[in-house]
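Starting from two chains that each stand alone, build the complex the way the hints lay out.
For the record, the sequence lines run as chains A and B. The first sequence maps to residues 1 to 333 in this note's numbering. The second sequence maps to residues 1 to 333 in this note's numbering.
A hint or two may mislead.
In silico lysine to aspartate or glutamate, EDC-like type, Cα no more than 16 angstroms apart, as pairs [unchecked claim]:
| hint | chain 1 | residue 1 | chain 2 | residue 2 |
| --- | --- | --- | --- | --- |
| 1 | B | K33 | B | D299 |
| 2 | B | K173 | A | D61 |
| 3 | B | K173 | A | E57 |
| 4 | B | K140 | A | E57 |
| 5 | B | K33 | B | E309 |
| 6 | B | K33 | B | E297 |
| 7 | A | K48 | A | E22 |
| 8 | A | K200 | A | E158 |
| 9 | B | K173 | B | E208 |
Source of the hints: derived by calculation from the structure; they are not laboratory data. As the structure is a computational prediction, the values presented were derived from the model and not from experiment.
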Amino acid sequence: MSAQEKTIRITYREAMRQAIREALIRDPRVFLMGEDVGRYGGCYAVSKGLLEEFGPERIRDTPLSESAFVGAGIGAAMGGMRPIVEIMTVNFSLLALDQIVNNAATILHMSGGQFNIPLVIRMTTGAGRQLAAQHSHSFEGWYAHIPGITILTPATLEDARGMLWTALQDPDPVLIFENGALYNMEGEMAADAGAVDIDKARVRRPGTEVSLITYGGTLGKAMEAAESLAAMGISAEVVDLRTLRPLDTPTIIESVARTHRAVIIDEGWRSGSISAEISARIMEGAFYELDAPVARVCSAEVPMPYAKHLEDAALPQPPAIVAAVRSMMGGRG
Amino acid sequence: MAPQANDSETRLTRDHSLFLLREMLRIRRFEEKCAELYSAGKIRGFLHLYIGEEAVAVGAMQALQTDDAIVATYREHGHALARGVSAASIMAEMYGKQEGCSRGRGGSMHLFDAATRFYGGNAIVGGGLPLAVGLALADKLQHRPRVTACFFGEGAVAEGEFHECMNLAALWKLPVLFCCENNLYAMGTALKRSESEIDLCLKATSYEMPAWPVDGMDVAACEEAAERAVLAVRAGAGPTFLEFRTYRFRAHSMFDPQLYREKQEVEEWKKRDPISTFQAEMQEQGLLEEGDLGRIEEDAAAELAKAIEFAEAGTPEPVEELTRFVYSEKPRT
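Only chain B is shown next, with the shape it has when bound in the complex (with noise of 0.2 angstroms):
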């Protein structure tokens, strides 16, 4: 299965373009910002910037409908954000509020959403895999034409999980859409020095599952990959795995002081930035319209700043209530 040339650029309308540029954009301006709070200590625990990787997640999620579920990884503010997750809930989470997503039980690592079906926020590498499988066997029990898709970091390929639910998911049928997202760096320990066999398409196609690498910095790719995987997925093909080639442009945390790979790498990637490429892309094609950045932005200011306001004006879940939702609070039924 491979991607035809030129659908991209079917789509790829004003109204839509300038769609993904300001999804793009807003998660950019949203962790910039969360870098800024995290030195001022509004964010705590650990935060995990997906700065450079965020083409693709606004590009796989525009494949994906309202009652489709979504499975991450503990680098998931731009999936949340790109899902509808809103930036309020998101900031109050990271702040710690009980008017976060989570109620400020889960932080940065663990942002949730039943409204959107955003299953986590999954803080164990391969963790969330079975979970995916897990929803997807219950969609395919339940006749439901509904597809998870399962974000990961290739770091996850090297655990047992991630075989076991290649596995289990091909075995099965089930309507998962995996999305590796390999930035080539599992925190610091690159690729190639983890893995006998690098080509991690080649280790989902061993198990019997249609697999196929995408440019992980292009927006455009990253939709069309998706949207041609989920269109499969959906019929009851099976799973499908992308492999979306990004690259994390900040550290891994705010604790790395990156001694694991050369500047002048980070510098080379930084030419193929998602957004500054794909708004070049535009201009180009004369779908760039005088104003029209400037009104991304402040649009993404202006919902930033509210969302700050609201996690400034938030409040701490009462300490009594600690002990809530250990268990349920429903009766058996």
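Okay, chain A solo, but in the shape it has when bound (with noise of 0.2 angstroms):
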């Protein structure tokens, strides 16, 4: 085995931790804020450690003040620092919705392109922890309406390790969100895995009869799915998103015009979602290449119910998906 080659076995909670750490090894402007950074360690443990190695100036507690602290990390961008501001999770990060929507998207385009704001902001997101419905939801597709913003969504240990180096370079707002089913996922990743492009889809699964359309927390299902698909004879091509903001459209319609049939999964709702906008981007881009009609798997349209039984009805799980690409091709399979 090759020295490029070597691999280590790592979760996505660590290659998350490794990314943080990495960023301020290199570059003295970045610091982590946000709830239970430091002493705590993280609410999901992905900042263990990095008080004792860092310091409080650098791993910074802050109150329980979303709106303060969000905005601070715009301000501290503004004044020449490169914060890293973790939101414990997504339904939390609405405390903030006014710093974010209000300066973090408008401050540049508002003031005639005078003023940038490099600033990450990571936060966790998604449901599958019976958590119920304010510590669960996926508003990573809502984030990625407005204009002015990046959102990021790693579903990959590599994503997970290389993301944030690459947002961290980056002039204006990045929003990480990270599914909070995946900080216990586990595999081998490329010992010296680094920055990844924030600006490109994957295909993380060549096929050539459906494109199972997907990002964050539903790959795992997707890429599942695909494989009972091909037991089945079925060839499904996975792509996962990764960049929610600006969608790669080219890597969507590509997929869609190789295999003729899409279906998107995703663990929003269905109403006004992602999966809305990627549906109505292959209807404008891929209409003629399509055999059939646009296909989608979303979270029912509930507020994310506490009983792990409602839980699971309520999101997007690979038989559904394998049910609406069977349906699609007419019951082959």
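Given below as structure tokens:
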């Protein structure tokens, strides 16, 4: 095994932690702030040990004041720092919506290009951990509605490890949505894994008959569905969007042009969702390529329930993805 | 911390007094013209005039240095002018021309100017406070002896962001000068009708922050208070809160029939007009000589005429540039 092929076994959580640590080492302007990022070690233990290594100036515990510390991140970014602001969970980010939408996303344009905001905001998103209706939603598609910010959804170990550094080089605000169900995901990653692009979607599994288009927490489910479909003789391609704004439309269109069918899998609600946007783009760009109407597998339109069986039923699951594909293929497989 | 007596008098040399008078008057004349231009349809959108409150911005601004930062609200023409943003670029902004200080993207409510570290024009009440906290955090982390002055109205104290920011700035001992301009009305809602505790300084001191009220109709008092506060803030003592007690002579905006206050009340406050009272004081102290006032008026008129000429001659930004500065044009660094 050559040095380049050397891999390490790592979790998504640890990959993210390594990314933050590397950023703190490489750039003295970088600091991390948020609720319980320091002494507690991060609500999801992502920043564990960083306070001891980097001290309280750079690993800043904040009061439970989302609007103030997110806005402070914006101000600090304008003041020459490269803040990483952690919001404990996506539902809490709504308390900082004013700062994200009215300031972070607008100031560059509103100031006629004078003040850019090199800020990274990380937050946990998604369901699957029985945390009920105030800790489990998927608002990344919602945020993707807003011009002026970039929306990242790392779904793999490599992206968890590599997106942060690239995001920190961006002159404008970048929001990173880490699906909470992924933190314990473990696998092999190149030992020297580093920065990755944040512009392009990736085909995670090539296929010829249907495109499963997804991101974040549902990538694994789509991969699982593709495996089941393969066993039924159906070749599914899996596209990982990685970035929800700006959407890599060409990769989506190219995939659909190859497979002529598309199923979009989104942990967000269906109405007014990113899945609706992707579907519209396929209509605009690949209508004549389609052999079947675009299908969607999304979360049920309910506040996320606590009970395990209800939560499972509310979320997109591999059997539903398989069923959607079979249905558009006339029940084949 | 209480202001010492006689301090302001020692500062009032003839030259400096003339300067303060000149600054207040050029803001007054500028805004009177804005009202006319609004009626003439040259300025559109919302227009909030600062008339009556000029002493606060002019006084406070004297305490700041060129590398300090200012965060203001949607009633910020006076602050921008007093900070040194050119009248021409402000007028052009209100005309919606690309020569405007925000390229015509912001208008009256969103004046920005990187050269003078003027961070807007924030039109979400309370929304600028987190930015000020962040700018100050950046200075503290980079060991720069700078101050961020944050102006906001008393209406902001009802916002959660105000309380979050008071706490955060005090907790982290950040170099912010909080300048609360208490003009008694949040649009049409009187302070006593919206706050259970109307002693605003008490709110700040509850966050362990020095705070005191200032006669906002007395430019020398405003200057003296700001200088005293900035001295401590710059020295690292943490933030200070100043409550400038002032009054808005004009309507909230151009669409306000002022049903919420008595004409008599406005007339009473007008007796304390910061310009005429200061002028009278100068006269009394023999600081105003024959011809001074005429010269100041002439200079203000000349500056204004040039500003209007500049704005009239300004050009609309080409529509092709509509989407510029949604994201930065500079590459990732």
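request  = Enumerate the violated hints, using their earlier numbering and listing them in ascending order.
outcome  = As far as the earlier hints go, not one is violated by this structure.
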